[in-house]
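*Asks:* Now for the letters of each chain:
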Amino acid sequence: MKPILEAIDVRKAYAAHVALSGVSLAIPEGSIFGLLGPNGAGKTSLIRIITQITGADSGEIRFRGERLKPEHAAQIGYLPEERGLYKKMKVGEQLLYLAQLRGLTKADATQRIKQWIARFELKDWVNKNVEDLSKGMQQKVQFIATVMHQPSLIILDEPFSGFDPINANLIKDEILELRKQGATIIFSTHRMESVEELCDNIALINRSRKVLDGPVGLIRDQFKTNTYVVEGKGKLILVHPDFEVVEQMERENGHFYARVQLHAGVRPNDLLRYLIANVEVESFREQIPSINEIFIRRVRETMPESLVEETV
Amino acid sequence: MASKFLLVAQREYLTRVRKKAFIVLTLAVPLLMAAFGFIVVKVASSDNDSTDVVEVRDDSGLNIASRLANSTQLQFEPSAGTLAEAKKAFQKAKHAGLLYLPAGLDVEKPEGVQFYGKGNISLKKQQAVETALNKAFSELKMQKSGLSQDQLDRLRSKVSLQAISLDDTGKEADSNALATSGMAYVLALAIYLFIFIYGVQIMRGVGEEKSSRIMEVMLSSVKPFDLMMGKIVGIAAVGLTQFLLWGLLSFGVSSVIAPLLVSKMDKKAKTEMATSAKANPNNMDNGPQSGGEKFEQQMNEQGSVKVMTGRFKAFEILANLPLGTILFGFIIYFLGGYLLYGALFGAVGAAVDDQTDTQQFMLPITMPLILSYIVGVSVILRNPDGPVAFWMSMIPFTSPIAMVIRLPFGVPMWQLALSIVLLILGFIGTVWVAARIYRVGVLMYGKKVTYKELGKWMFYKG
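So the sequences go chain by chain: D and Y. Throughout the first sequence, residue numbering follows numbering that gives the first Met the number 0, covering 0 to 311 in sequence. Throughout the second sequence, residue numbering follows numbering that gives the first Met the number 0, covering 0 to 461 in sequence.
Do not take every clue at face value.
[Stated by the list, open to error] Listed below are the simulated SDA-like cross-link pairs for lysine to any residue, each with C-alpha atoms no more than 20 angstroms apart in a straight line:
1. D:105 - Y:2
2. D:87 - D:121
3. D:87 - Y:17
4. D:134 - Y:2
5. Y:455 - D:121
6. Y:222 - D:102
Treat the hints as calculated values from the structure; they're not laboratory data.
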């Protein structure tokens with residue numbers, strides 16, 4: 000699919016440190032894109048360049064093939080990590096103001112606010128000051144402000160921090176709904192496990208550099224170690240030139256848990272056949288690496304050992 | 000992007016104007032001013048307008064008592080009987096004094112005139128009595144030397160000085176130092192207060208946006224420059240609204256209260272004149288017509304004519320000031336000064352995390368402002384064409400106040416033009432600097448900012 004956003008060799012340095020050193024990305028239209036990495040890796044710097052809050056020192060951002068310009072701001076919705084609203088402004092007026100700043104007409108904005116308010120059950124709060132709302136409600140208002148102008152690119156920085164589980168699910172559903180309607184979503188987070196099941200594509204960023212990117216499935220395949228998790232009953236004694244036990248644990252009542260790595264060219268059915276002949280198999284599945292594991296492995300591969308300890 | 004700037008300005012304006020504090024303050028100030036004015040008038044009138052009655056026991060046989068002219072301060076009333084009786088009557092009555100003219104008073108060398116008062120006799124009162132006596136004696140002397148009363152009346156003259164300033168071109172203009180200085184003072188105070196009150200509001204506003212962490216959301220759709228200027232302009236509109244409402248309300252309140260005061264004073268003046276007419280019947284014998292009614296009417300006409308010329312005079316003096324230039328200059332320096340300082344206040348708000356940290360950055364901003372005001376109302380007001388006045392009216396940080404003080408006194412065109420150009424350059428410069436500090440500062444949290452740091456921010460790229 001054609002990318003909605005491309006970053007080409009983007010560099011940004013502040014007085015004391017380098018935030019981005021030559022980052023290139025392509026975000027496919029209609030996808031959910033995970034921008035992942037530890038705190039301080041440069042995620043927020045990149046987002047601030049995409050949202051035109053700051054400019055890059057060099058490099059280029061392209062939005063639908065065009066060089067990014069102020070007019071594109073109306074097509075981008077941004078939920079910053081630091082949530083904030085005008086505390087002494089009424090919920091309805093605040094949403095109207097933010098919508099108008101993003102280019103909606105007053106009539107359009109009013110109508111959409113009505114819909115979103117109803118959807119998020121905030122009707123009784125429209126004429127209340129923001130400071131009178133609970134944290135969760137403020138987050139909902141902020142989410143509405145982010146997506147109200149129907150942006151084609153929605154950037155959510157640490158999207159689920161601060162939400163209770165119920166609201167987090169609500170937001171998750173809304174995001175999936177928006178994607179269905181054609182929006183592209185960027186998740187930026189250091190908690191990789193919180194978004195990995197949602198993302199189609201990811202980019203891993205560490206210490207101002209991109210260390211890995213691509214479709215999640217492909218990356219996982221790439222980082223698979225041909226390891227299988229076996230659980231069953233009986234005495235598992237594996238001595239075989241084709242397999243290697245990575246980990247094995249005895250459990251109560253003669254049960255066991257083992258992770259077995261297949262040597263090159265060996266197929267899982269070969270292992271299964273061997274197992275069936277020797278023990279009673281209760282479960283057999285391939286071990287899929289988590290994004291977090293991939294990240295750590297990738298960092299170890301690309302960085303001197305001394306720095307890895309600090310990062311991981 | 001102009002529409003975003005307007006949206007920001009509109010929000011800044013509306014949220015402030017609708018606040019309770021704004022409405023209360025807007026209503027309270029004119030009322031306080033009116034109450035204050037009322038008290039001042041009341042105090043002033045109770046001091047000046049009270050007319051003291053002085054009894055006159057005239058044993059001189061020169062008929063001096065009838066020649067003592069009543070004034071707004073004193074009213075002379077002849078007293079019957081001997082001195083002892085007069086003293087007794089005086090002690091019972093509520094009169095301010097008893098004047099005794101002894102028998103055998105020498106016109107050429109009047110000695111032995113006594114003035115009895117209750118408690119301490121004020122110097123002012125004593126002087127007023129003396130003035131009246133001196134006048135009566137000199138008239139008496141003139142009459143003795145053969146002048147008729149008619150001639151005497153014509154000899155009376157009342158001179159009041161008309162000060163005229165001669166300018167370089169030889170043009171003459173009524174000069175009234177008080178009116179000119181007063182105007183200069185009021186204009187300077189207006190600019191000073193406006194910059195201070197609303198400049199601090201800009202700073203607070205930016206600080207609020209920063210501490211509520213809405214900055215990042217805002218900046219993803221508005222340019223920092225638009226956000227800053229929108230706030231500055233929006234708050235300026237708030238200030239102008241407030242000043243305008245204060246003006247209108249003060250005018251309204253005073254136009255309700257003033258007639259009350261004036262009618263009260265008019266009544267008082269009329270009764271005074273009537274009583275003086277009755278008390279001094281001799282004065283009227285000389286006029287071709289007689290009768291209290293005619294006299295009262297005549298006095299009223301005179302009175303109102305005097306008031307009229309007084310008012311006309313004030314307008315004339317004001318009209319002779321370079322009003323067009325003053326108005327033009329005031330608007331330029333009012334707006335220019337506010338925008339220049341407003342941008343700096345905005346930058347301070349952006350630079351610090353915590354309102355309590357503003358102190359160290361506030362000082363260099365408020366110092367030129369306070370300095371120009373203090374020097375302005377002391378040195379410049381006294382010597383509006385001196386070197387201090389010249390230089391301070393050129394430097395953009397002091398010129399909004401310094402030049403406005405000079406304006407009513409007349410400023411050479413080239414100086415005004417140069418000062419305005421410098422102000423505009425200064426304004427562009429400070430806005431540029433402020434916008435850079437603002438842009439970096441609004442997203443900078445948890446850092447104790449120093450001047451060195453601010454200097455670095457100047458050169459950060461976009």
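*Asks:* The structure should be examined with respect to each hint, and the outcome stated for every one.
*Replies:* For each hint, the structure was consulted:
1. D:105 - Y:2: Holds - the C-alpha atoms of residue 2 of chain Y and residue 105 of chain D are around 13 angstroms apart, at most 20 angstroms.
2. D:87 - D:121: 17 angstroms, holds
3. D:87 - Y:17: With Cα atoms ~12 angstroms apart, residue 87 of chain D and residue 17 of chain Y stay inside 20 angstroms; holds.
4. D:134 - Y:2: 32 angstroms, violated
5. Y:455 - D:121: 45 angstroms, violated
6. Y:222 - D:102: 14 angstroms, holds
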